[in-house]
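One letter stands for each residue in the lines below.
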Amino acid sequence: MRQVIWLLFRREWLLAWRRPGDLLNPLVFFAIVISLFPLAVGPEPGMLQIMAPGVVWVAALLATLLSLDGMFRSDYEDGSLEQWVVSPHPLSMMVLVKVLHHWLLSGLPLVLLAPLFALMLALPLNVLPVLCLSLLLGTPVLSLLGAVGAALTVGLKGGGVLLALLILPLYIPVLVLGTGAVEAATQGLPVAGYLLWMGCLSMLAISLAPLGIAAGLRIGVSE
Amino acid sequence: MNALADFIAMGGHGPYVWSAYAITFVVLLLNVVQPWLARRQLVKEEARRLRREVR
Amino acid sequence: MNWTFFYKLGSPKWFYDISGRWLPWFAVATVLLLAVGVVWGLAFAPEDYQQGNSFRIIYIHVPAAFVAQSCYVMLAVAGTIGLVWRMKLADVALQCAAPIGAWMTFIALVTGAIWGKPTWGTYWVWDARLTSMLILLFLYFGIIALGQAISNRDTAAKATAVLAIVGVINIPIIKYSVDWWNTLHQPATFKVTAKPAMPMEMWLPLLLTVLGFYALFTVSLLMRMRLEVLRREQRTRWVREEMEKHA
Numbered sequence: 030m031r032q033v034i035w036l037l038f039r040r041e042w043l044l045a046w047r048r049p050g051d052l053l054n055p056l057v058f059f060a061i062v063i064s065l066f067p068l069a070v071g072p073e074p075g076m077l078q079i080m081a082p083g084v085v086w087v088a089a090l091l092a093t094l095l096s097l098d099g100m101f102r103s104d105y106e107d108g109s110l111e112q113w114v115v116s117p118h119p120l121s122m123m124v125l126v127k128v129l130h131h132w133l134l135s136g137l138p139l140v141l142l143a144p145l146f147a148l149m150l151a152l153p154l155n156v157l158p159v160l161c162l163s164l165l166l167g168t169p170v171l172s173l174l175g176a177v178g179a180a181l182t183v184g185l186k187g188g189g190v191l192l193a194l195l196i197l198p199l200y201i202p203v204l205v206l207g208t209g210a211v212e213a214a215t216q217g218l219p220v221a222g223y224l225l226w227m228g229c230l231s232m233l234a235i236s237l238a239p240l241g242i243a244a245g246l247r248i249g250v251s252e
Numbered sequence: 005m006n007a008l009a010d011f012i013a014m015g016g017h018g019p020y021v022w023s024a025y026a027i028t029f030v031v032l033l034l035n036v037v038q039p040w041l042a043r044r045q046l047v048k049e050e051a052r053r054l055r056r057e058v059r
Numbered sequence: 112m113n114w115t116f117f118y119k120l121g122s123p124k125w126f127y128d129i130s131g132r133w134l135p136w137f138a139v140a141t142v143l144l145l146a147v148g149v150v151w152g153l154a155f156a157p158e159d160y161q162q163g164n165s166f167r168i169i170y171i172h173v174p175a176a177f178v179a180q181s182c183y184v185m186l187a188v189a190g191t192i193g194l195v196w197r198m199k200l201a202d203v204a205l206q207c208a209a210p211i212g213a214w215m216t217f218i219a220l221v222t223g224a225i226w227g228k229p230t231w232g233t234y235w236v237w238d239a240r241l242t243s244m245l246i247l248l249f250l251y252f253g254i255i256a257l258g259q260a261i262s263n264r265d266t267a268a269k270a271t272a273v274l275a276i277v278g279v280i281n282i283p284i285i286k287y288s289v290d291w292w293n294t295l296h297q298p299a300t301f302k303v304t305a306k307p308a309m310p311m312e313m314w315l316p317l318l319l320t321v322l323g324f325y326a327l328f329t330v331s332l333l334m335r336m337r338l339e340v341l342r343r344e345q346r347t348r349w350v351r352e353e354m355e356k357h358a
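Chains as they are written, first to last, in the working numbering: chain A, 30 to 252; chain B, 5 to 59; chain C, 112 to 358.
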């Protein structure tokens, strides 16, 4: 079983390496979206600082959605998804590997890139660790829930926008908690509560989402 | 008549109350009438199709 | 326990017959409950000392909100039954109930917004309840959109069932976080003070309209389901006979 997981992981890694665009494009998108806001509302630091947590988080949500679109598509098209579904290994496990890989290539870079842009949005230095921590705890949930949507819409033509429509409402708790944590940190209030709750959501998502993703993939493949 | 005018005015809140009730009434009616019309349409089309088959 | 009823539900014809017998009763109940409830609420219930007459919108706002929320739960239940027992009727129920739930959410939002104007001065405030209703509307749109996007009917039923189940698990989490978000951001002027317990003359008509909305929901759902059953079973003899009866 462990060998299967390792092989799967290696496969995903190799495939991703051949298409660096898939990794970089969402990050560039993240950067562009964040840059749009000062252009739209003016560069006054006071206003930017108030908006910063929300802007960073919403940009992270949208960038994640963008990266989710092709998550299962190439596997669906070349038939490897069917092989996964009928294989003797638990689909939930294999799916978890795939989502982990997705998070490493999309969520983690966001965690590392966000402080740079948060600084550009006038967020004070001492708040940055909280921002990173909130993203670290939140982006797995985004990847997991998003994968459920990607599994349900795999093979559909209107894929990307439909995926966003399905998943964005489900992202709202993560958004509220993440921005709440950063805002509390800005005001010097305790953030442990927010982060613990985000941890809870992560745990819940890790345990339940693979079932939903597997169900969605089985449905998509059976068509 | 004064009582009726007072009732409709609803102490100044008339437009709000009546517009809310009107919109609700229209939507509820729609939800009942639309299936009914669709069913009539279906029966009509089926009858036409069956007549063509028999011929 | 007698499971015959449950397995009979697997037969579209049985459902069609029995719903045909129940429908008139539900229709009568709807008209009576709504007529009495609305007239009572509009004309005879006492005026609220804080909000004046605009509070009468409660008699349509609250029932719509209740039905909107329980309809989504119903979608998840129907979805589960359809997935686990492969009962086509459950798929039909999910497909037909979703638009009704969306309309109810729409009514709740619009009446809530209209109610907000005389109460708070603006048509829209991002308070916990309205925001949750808006998110619920988005969830409904998601289910309807997914159902429309998949052309194979059985696949569409399974996919929307999974989505409904995922949604229903998320709804408490979303509600809780929206409530929390609201307490973080709410300026004092918008705080809804705890209402005193409603006197009976005020909540009795509310009970009637709530029941009336549920009855109307059932009427609309049964009508739509019967229509869908006729469409799906078009090729069978009993449907042909039924059609010829009404042609």
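One thing to keep in mind: the hints can contain errors.
[As the list claims (entries may be wrong)] Here are the computed lysine-lysine pairs in the DSSO-like style, where the Cα-Cα straight-line distance is at most 27 Å: (1) A:Lys186 <-> C:Lys199; (2) B:Lys48 <-> C:Lys228; (3) B:Lys48 <-> C:Lys286; (4) C:Lys199 <-> B:Lys48; (5) C:Lys356 <-> C:Lys124.
[Said to hold, decoys possible] Computed spacing ranges between beta-carbons, pair by pair: (6) A:Gln32 <-> C:Trp196: 51 to 59 Å; (7) C:Lys119 <-> A:Leu240: 48 to 56 Å; (8) C:Leu318 <-> B:Val30: 45 to 53 Å; (9) A:Leu43 <-> C:Arg264: 36 to 44 Å; (10) B:Ala51 <-> C:Leu318: 27 to 35 Å.
Think of the hints as simulated: they come from the structure by calculation, not from any bench. From the three backbone atoms N, C-alpha and C, an ideal C-beta is built for every residue, glycine too.
Tested hints:
1. A:Lys186 <-> C:Lys199: holds, 26 Å
2. B:Lys48 <-> C:Lys228: violated, 46 Å
3. B:Lys48 <-> C:Lys286: Not satisfied, since the Cα-Cα distance of roughly 46 Å exceeds 27 Å.
4. C:Lys199 <-> B:Lys48: holds, 26 Å
5. C:Lys356 <-> C:Lys124: Answer holds: Lys356 (chain C) to Lys124 (chain C) is near 15 Å, not above 27 Å.
6. A:Gln32 <-> C:Trp196: 51 to 59 Å: violated, 38 Å
7. C:Lys119 <-> A:Leu240: 48 to 56 Å: violated, 31 Å
8. C:Leu318 <-> B:Val30: 45 to 53 Å: Between Leu318 (chain C) and Val30 (chain B), where Cβ atoms are some 24 Å apart, the hint is violated.
9. A:Leu43 <-> C:Arg264: 36 to 44 Å: holds, 39 Å
10. B:Ala51 <-> C:Leu318: 27 to 35 Å: violated, 44 Å
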